[in-house]
Every structure is written in C-alpha cells, then in structure tokens.
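If you want the building blocks of each chain, they are given just below.
Number of protein chains: 2
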Amino acid sequence: MESKAKSFVHCSYVLSLVLFSFLGIQDSVQGRLLAVSKPDPKNAAAHARWLVSQNYWGVLNTISSDLGGAPFGNVVSFSDGLPNKGSGIPFFYLTALDPTARYAMKDHRSSLTISEYPIGTCGKRDPENPACAKITLTGKLVLVDNNSKEAEFARSALFTKHPEMMEWPKDHNFKIFKLEIEDIFLINWFGGAKPLTVDQYLHPKIRNQLASILLKPL
Amino acid sequence: MESKAKSFVHCSYVLSLVLFSFLGIQDSVQGRLLAVSKPDPKNAAAHARWLVSQNYWGVLNTISSDLGGAPFGNVVSFSDGLPNKGSGIPFFYLTALDPTARYAMKDHRSSLTISEYPIGTCGKRDPENPACAKITLTGKLVLVDNNSKEAEFARSALFTKHPEMMEWPKDHNFKIFKLEIEDIFLINWFGGAKPLTVDQYLHPKIRNQLASILLKPL
Chain A
1 MESKAKSFVH CSYVLSLVLF SFLGIQDSVQ GRLLAVSKPD PKNAAAHARW LVSQNYWGVL
61 NTISSDLGGA PFGNVVSFSD GLPNKGSGIP FFYLTALDPT ARYAMKDHRS SLTISEYPIG
121 TCGKRDPENP ACAKITLTGK LVLVDNNSKE AEFARSALFT KHPEMMEWPK DHNFKIFKLE
181 IEDIFLINWF GGAKPLTVDQ YLHPKIRNQL ASILLKPL
Chain B
1 MESKAKSFVH CSYVLSLVLF SFLGIQDSVQ GRLLAVSKPD PKNAAAHARW LVSQNYWGVL
61 NTISSDLGGA PFGNVVSFSD GLPNKGSGIP FFYLTALDPT ARYAMKDHRS SLTISEYPIG
121 TCGKRDPENP ACAKITLTGK LVLVDNNSKE AEFARSALFT KHPEMMEWPK DHNFKIFKLE
181 IEDIFLINWF GGAKPLTVDQ YLHPKIRNQL ASILLKPL
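Sequence lines, in order, name chains A and B.
In case it helps, full-length UniProt numbering puts the first sequence at residues 1 to 218.
In case it helps, full-length UniProt numbering puts the second sequence at residues 1 to 218.
For the record, the hints were derived by calculation from the structure and aren't laboratory data.
Take these hints with a grain of salt, some might be off.
Computed spacing ranges between beta-carbons, pair by pair [as the list claims (entries may be wrong)]:
(1) 197(B) with 140(A): 28 to 36 Å
(2) 40(A) with 122(B): 28 to 36 Å
(3) 148(A) with 131(B): 44 to 52 Å
(4) 106(B) with 175(A): 32 to 40 Å
(5) 197(B) with 172(A): 44 to 52 Å
(6) 152(A) with 147(B): 55 to 63 Å
(7) 164(B) with 192(A): 15 to 23 Å
(8) 189(A) with 150(B): 31 to 39 Å
(9) 121(A) with 106(B): 30 to 38 Å
(10) 40(B) with 124(A): 30 to 38 Å
Glycine residues also receive a C-beta, built at the ideal position from the N, C-alpha and C atoms.
Go ahead and model the full structure; you've got the sequences and the hints to work with.
So this is what it looks like as structure tokens:
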C-alpha cells in the first residue's frame, strides 16, 4: 500500500512539474508573485510576499541616537516593486530632515512592520488577532546608489505606487533606501510565528502550493 | 496702543475663563478630551491626543534580545481609555508567548507609532505626506499591577475598544502593559516635527484652542 501511495505521489509530482513547464510560470523562478488573491496562510513564503506587495505603508524602526538608543518607529510609505510584481525587498524614499534616515546612517539596524489590517482582508478580526497577519522584516536599512540599476527599479516601484512622491520638494533631498532583510517574523494564523527563512521568502515556491492541490487524494 | 491691546487680551482671557467655568468643561482639567472631531493641527497637544484616542492599533517597538539588539516592531492593539475619554496613556494586552512582551521585560525602552491614515481622515494624501499625521510616543513599556485601579481602568479601556480580547485564551496569560511616555515625536503638517512636551500632551489645554478664537481681533 505504502509503495503504491508513494508511486502515486511521485507520478502526481512529475505531472505537476510537466504542467508548470507548459504553463511557463517564469516569474515565480525570479521570485516574483503573479497572484493577487490572498494565498493560503500555510504557504508562509507566498503569504508573506503577498502581505508585503499588497500593502504600501508600514512602520520603519531604527535605533534613536537622540533618545538613548531607544527603538524609534516611524510611519513610512514603501514599495517592493510594480503592482503584483513585488521583489520582496522594500524600498523607501526618505529625507535626512526626518530622524529615521539620520538614525540609519549612524546605525543600520532596522525593521519594517506591516499589518494585514489596512488591506481590509481581516474581516471583523481585531488587528492583534493572529489570523489577521502581521510581518516584521528585520535587517539593515541602507542607502541605494542613486546611479545603479537597483535605484532605477526602486524609483519605478516607488513612484508607481506613490505618485505624489514625484512632486515632493527637491530641496529636501529625498534618497532611496532599502531594507537588507536578515530575519523574518510572520504571524498569519494561530499557533505562533511561522518558520520562514529569508531565502524561502525571496524565492517563494508557488509550485508547491499548486502541487499540494494536485497531490491531494482524489 | 500696546497697553490697549494687552488690556483687550487680558479681558478676553478673563471672559473665556468665566465662560468655561459656566460651561463646566471639567474633563479637560483631568486631561481628557471631549471633542471627537479632528482638532486644528496647530494645537499640537489636542491633535496628538485625538490621534491616539481615535486609533486603536499601532506598532509597538522594543529592543530585540534575540536579534542582536535590533529595533523590533510588532502590530498591537491598544486603548488609552473609553471612547472619547482617552487618558493619552496607551495600554496593551500582551502575552509573553509573543516576543514584544518578552523583550520589554529585559529592556523597557520602547516606542508606539501610530498613523492617521487608518482613521480615514487623510483624504487622498500619501501615508508619508506630513499632512497625514503620525506620532511616535517613546518611553518605557512596563507591566501594570493586575490588582491596581490602573489595571481596572486599562481593562475597561481595552475590552470596550477590543471586545474580542475578553475571549482570548486564558492559558496564554495575557497581561496589561502601559507605555510610560518620555518623549513625543509628532508630524501633523508641513514644516517638521511639532514641539510637544509630555506634560503638554497629558494636559492638553483645550481652553487655549477656544480662547484663541475668542482672542481673534473682531
């Protein structure tokens, strides 16, 4: 029986691989998501990427050199790519007139916290209810070289999602920053934080989600 | 001329005091706001208190002992009092199963960041637009004695605003925390952060807002 079951699972897996080759879902290989509908919370990587790409503001935390090293959160807008083509890496448009950019220049340690609540898909759940997802990406907040291809990508990502940024005062000297992610804290259902590595987050295997449907017993 | 103007200002001030005595706006004396409409951003204290009392979730930031002292933000629900009777002090209902409470027990330094955006009064402005208000209350995140009058007030404040908290699992051992505010960062219009002391925030002089109307040249 076990051998038959294994054989069935193997066949289904091969079938799913063939199907995906024909469907040509290349964007998932590049670590970009095509789907806009809310993924199954069990697929932590896909769910986390959906949460980041659908949202467009969060709280960016740095270490305050003005306030004795206190953790200092600031409301910021961000973008991780063009709509429905997020890269998973959040980019920001910050001025050193605001403390967050100043703090980050002195100490890169940072985190970005995002809630599912503003997206409007939490139903009547309280924002602190674990089934209303929340994510904290922790890492280093660094300046992006203004002449790089990455800056070009980030400008396009930011200005498409936040058109008014293009009109912000030139003399405020806004610059592009990004969060180099080192750790991910995700709560998207009951039972505590979901284990999720940065590599899994940056390369979400959508095929696994679909394969799991194909692999379900008939 | 200057003497006449001073005399006019003095008379108007006395008149306003008499008026307020008759009106009996006692809650403002206790540092509680009666108004629910958005105050004039020029009145930093009233505007800040409105922002905190109208909102009911934010990002609570602590120092992560798991992640090399990185600033760690977490989506939390809060309440500063019964609806339209906020005390200005945010209370939380946290479990040590979640990292924020654990981190706070090791290092009290903390901040709570709140945006006007979810209230829905920013119009078409981007969440990072300075005219869409944001506030960061920095201080110490401390446990509230469960048998104190303060805990009784906090429970009432939290459970009224977040009724589902009453149903949260008993074995998760949720406890009441509060933020002892030491510094306030408020952006509620163009021109940089508004100067606002903790004392001004905790005792907003609504009378000044109204008095300023009375003191306007006829």
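Hints and how they fare:
Taken as a hint, the range 28 to 36 Å holds for the pair residue 197(B) and residue 140(A), whose Cβ atoms sit roughly 33 Å apart. Distance hint check for residue 40(A) and residue 122(B): the Cβ-Cβ separation is about 33 Å, which falls inside the suggested range of 28 to 36 Å. Between residue 148(A) and residue 131(B) the beta carbons are some 32 Å apart, a value that contradicts the proposed interval 44 to 52 Å. Hint check: residue 106(B) to residue 175(A), Cβ distance near 34 Å, so the stated range 32 to 40 Å holds.
A beta carbon spacing of about 27 Å between residue 197(B) and residue 172(A) contradicts the range 44 to 52 Å that was offered as a hint. In this structure, residue 152(A) and residue 147(B) meet the distance hint of 55 to 63 Å, their C-beta atoms being roughly 60 Å apart. Between residue 164(B) and residue 192(A) the beta carbons are some 19 Å apart, a value that agrees with the proposed interval 15 to 23 Å. The hinted window of 31 to 39 Å between residue 189(A) and residue 150(B) holds, with their beta carbons roughly 33 Å apart.
Look at residue 121(A) against residue 106(B): about 34 Å separates their beta carbons, and that is inside 30 to 38 Å. Against the hinted window of 30 to 38 Å, the Cβ-Cβ separation of residue 40(B) and residue 124(A) comes to about 34 Å, which satisfies the hint.
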